Structures are given as C-alpha cells and as structure tokens.
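Peer 1: Sequence:
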Amino acid sequence: MKLKFIFLVSIFMFTNLLNAQSWESVVRGSWVEKGSLNTKSIALVDASKLVDIIVSSKEHSCVRQAAFFLAADIEKITGKKPKIRTKARKGKSAIHLSTYGAKNIPNEVNSKKLKVKWEAYIIKTVGSSVWLVGSNARGTAFAVYTFSERLGIDPLYHWTGYTPTKYPELSIKTVNLFVDEPTFKFRGMYHDDKDLIPSLINEKGYVAEDPKVADIDKESHIQKLESGYPEQCGTVDMVWWKRFFETALRLRMNQVAPYVREPRSFEVNKMASDWGCFSVHIIMTCFFLILGGMSVLA
0 MKLKFIFLVS
10 IFMFTNLLNA
20 QSWESVVRGS
30 WVEKGSLNTK
40 SIALVDASKL
50 VDIIVSSKEH
60 SCVRQAAFFL
70 AADIEKITGK
80 KPKIRTKARK
90 GKSAIHLSTY
100 GAKNIPNEVN
110 SKKLKVKWEA
120 YIIKTVGSSV
130 WLVGSNARGT
140 AFAVYTFSER
150 LGIDPLYHWT
160 GYTPTKYPEL
170 SIKTVNLFVD
180 EPTFKFRGMY
190 HDDKDLIPSL
200 INEKGYVAED
210 PKVADIDKES
220 HIQKLESGYP
230 EQCGTVDMVW
240 WKRFFETALR
250 LRMNQVAPYV
260 REPRSFEVNK
270 MASDWGCFSV
280 HIIMTCFFLI
290 LGGMSVLA
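Residue 92 in numbering that gives the first Met the number 0 is what sits at position 93 of the sequence shown, and the numbering runs on without skipping anything.
Hints should not be assumed to be uniformly reliable.
Said to hold, decoys possible - Only pairs whose alpha carbons sit at most 30 Å apart, straight line, appear in this in silico BS3-like list of lysine-lysine:
#  : residue 1 : residue 2
1  : K172      : K82
2  : K79       : K116
3  : K111      : K91
4  : K116      : K57
5  : K79       : K48
6  : K165      : K241
7  : K112      : K184
8  : K89       : K57
9  : K184      : K82
10 : K111      : K89
11 : K48       : K91
12 : K57       : K33
13 : K172      : K102
14 : K184      : K33
15 : K48       : K86
16 : K114      : K172
17 : K241      : K75
18 : K165      : K184
19 : K102      : K82
No lab work stands behind these hints, which were simulated from the structure alone. Here the structure is a predicted model, which is why all the values come from computation and not from measurement.
Construct the complete structure from the given sequences, taking the supplied hints into account.
Peer 2: Now the structure itself:
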C-alpha cells in the first residue's frame, strides 16, 4: 500500500512537471527599452514624468505590500520613487495592480482567462499604462515581483548583493504576458542551518538568556550540545524575517517554514500572512504534498 501511494504521488508530480515554465533567454532586465525609443515604448520615468502605482484600498494586504516593494525597486533603478495612489490621475501613466473581478480592469487585458485559476496572472501594456492582474491576490503580487525582475531587480538581492543597472530614464517594451497557475500549488522556502541564526551568543558560544524565552523548559525540546556549540534557542530579529519573507515572495513562493526552535511571535506570523505567505512547520510538507504537490527550496 505504501509503495502504491508513493507511486501515485510521483506520477502526479511528474504529470505537473510537463507543464512547467521554462526560461529560454535572460530574464532580469529584459523588458527595459534600451537605446532609442519606439512609438510603442512606455515611459515610466524621465525628466518630466514619474509613473504612479495604482492600488485600490480594497486590495489584499499582500498586493499593497508588493506595491511598496515595486516603488522602492523603481527608486533603486532610477533614483525616483513613484507615488502609490488608490485612483489613477487623468492623463498620467500608471502601473495598475488589480485582482480578477475588479471593475477597473480594461477589456484589452482579457482577464477572463484568469477565472478560477490559482495564482495565475497577466502583465499587459495598455496605452500609456501597465496592468498587473492576478487571478487572486497572491497572483497579483506575483505579477508585481515578475515585473520588478524584468526591470532588473534580482529576487535574491538580499543574498547576492546584486545592484540593478541604473537608468535615469526608464521605459519598457510593449508587454503581453500570461502566466498560468503554477505546476506546484504550494512552493516553500525553508532555511537550513537554522541553529546558527538565533541570537544572543555569549562568550562561551551559548545563547545568552533571553527574557522572551525564559519561561520555556529548554530541556524538553533541545538536545544536549557539545561545549562551545550554541543552543538552538533564542530570538531572530524582525529585519531578518522581512528579508526572508520578501525573498520567498520574489521567487514566487507562497509558503515559508520559519525557525522552529524559537517562539515565533504573533507579529512574525502575521507579517507572513499579510505579505501573502502560508506559515507552516516543516513537518507539514507531507500534508501539502498530498494536497497538490510541493516544491521546497532549502
């Protein structure tokens, strides 16, 4: 029975892989219009223009968070930071972030193909604007992260240190991209060597007593470690969590398995959820595999 189950799961995953996306050319920065502009190019930033980012107040928090990242990304490339607005200004270029069902989506986007899809999205230029439309809120957020990567942002920049090419004037090519729902419904990022992350380490190599975890019976869930090796307990700074969640989302992942040997605060779990991530324990991977297949980056 066990072998039969493994065989069925393997067949399911292999079938999904047949529909996997592929990259046949350079992705990062590939939508930037370089050299002389043509009549179909859309100027986002120039000497007299700065594009607006339009996000309805009714959009999910993960879409609004993606808008903040997009504004910062454009600033990294051009030195100018777009305003995030709830309504478009007449005659002004804009980047629209909308989720399927929103009434403002133009017919040219053909958002009907997103109906009943999981995290699918469309990126399309219409007139002097760019539309980033998702089948659900997370799909819209992934459209934003895809757009940022095509402008030149490395999804792993927190770890690679990559600096995007600077453009005082930023224009993009005509775009019409449809990304269907992913091969794996749940895609997780799990950091390894988690025993090296927590602070605080004292001069002996052990985690100093932290009042936040003082009430925890450490002997009940922490193995005896060699002298000089840090205990697997402590706190992880919120700055690290922000970078971890942001990186997972920029890689179009929807699941994170945060550090399991320190008491995760309500704020940490809420941030993961607000930004669009499922926050789970690593032992839940088998559960998600059964539900719909899973890819994990460790």
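Peer 1: It remains to establish, for every hint, whether it holds in the given structure.
Peer 2: Hint check results:
Between K172 and K82, the direct Cα distance comes to roughly 22 Å. Compliance with the 30 Å bound is thereby established for this hinted pair. The hinted pair formed by K79 and K116 fails the criterion: a straight-line CA distance of about 35 Å is larger than 30 Å. A distance of roughly 26 Å separates the Cα atoms of K111 and K91; the hinted pair therefore holds under the 30 Å criterion. With a CA separation close to 20 Å, the supplied pair K116 and K57 stays within the 30 Å bound.
A threshold of 30 Å between alpha carbons decides the hint, and for K79 with K48 the separation of about 10 Å falls inside it, so the pair holds. For the proposed pair K165 and K241, the alpha carbon gap of about 25 Å is at most 30 Å, so the pair holds. Taking the CA atoms of K112 and K184, the gap is about 18 Å. The hint holds against a cut of 30 Å. Distance check on the hinted pair: K89 and K57 sit about 21 Å apart at the alpha-carbon level, within 30 Å; holds.
Between K184 and K82 the CA atoms are separated by roughly 33 Å; this puts the pair beyond 30 Å, and the hint is violated. With a CA separation close to 26 Å, the supplied pair K111 and K89 stays within the 30 Å bound. Among the hinted pairs, K48 with K91 is consistent with the structure: their alpha-carbon atoms are about 9 Å apart, no more than 30 Å. Note on K57 and K33: the hinted pairing is violated, with a Cα-Cα distance of about 36 Å set against a maximum of 30 Å.
A hinted pair counts as satisfied when its Cα atoms are at most 30 Å apart, and K172 with K102 qualifies at roughly 26 Å. Between K184 and K33 the alpha-carbon distance is near 36 Å, which puts this suggested pair outside the 30 Å criterion. Note on K48 and K86: the hinted pairing holds, with a Cα-Cα distance of about 18 Å set against a maximum of 30 Å. For the suggested pair K114 and K172, the alpha carbons sit about 27 Å apart, so the restraint of at most 30 Å is met.
Taking the CA atoms of K241 and K75, the gap is near 18 Å; set against the 30 Å cutoff, the hint holds. Restraint check: the Cα-Cα separation between K165 and K184 comes to about 35 Å, which exceeds 30 Å; the hinted pair is violated. For a cut-off of 30 Å, the pair hint linking K102 to K82 stands: about 22 Å separates their Cα positions.
Comparing the model with each numbered hint stated earlier shows that hints 2, 9, 12, 14, 18 do not hold.
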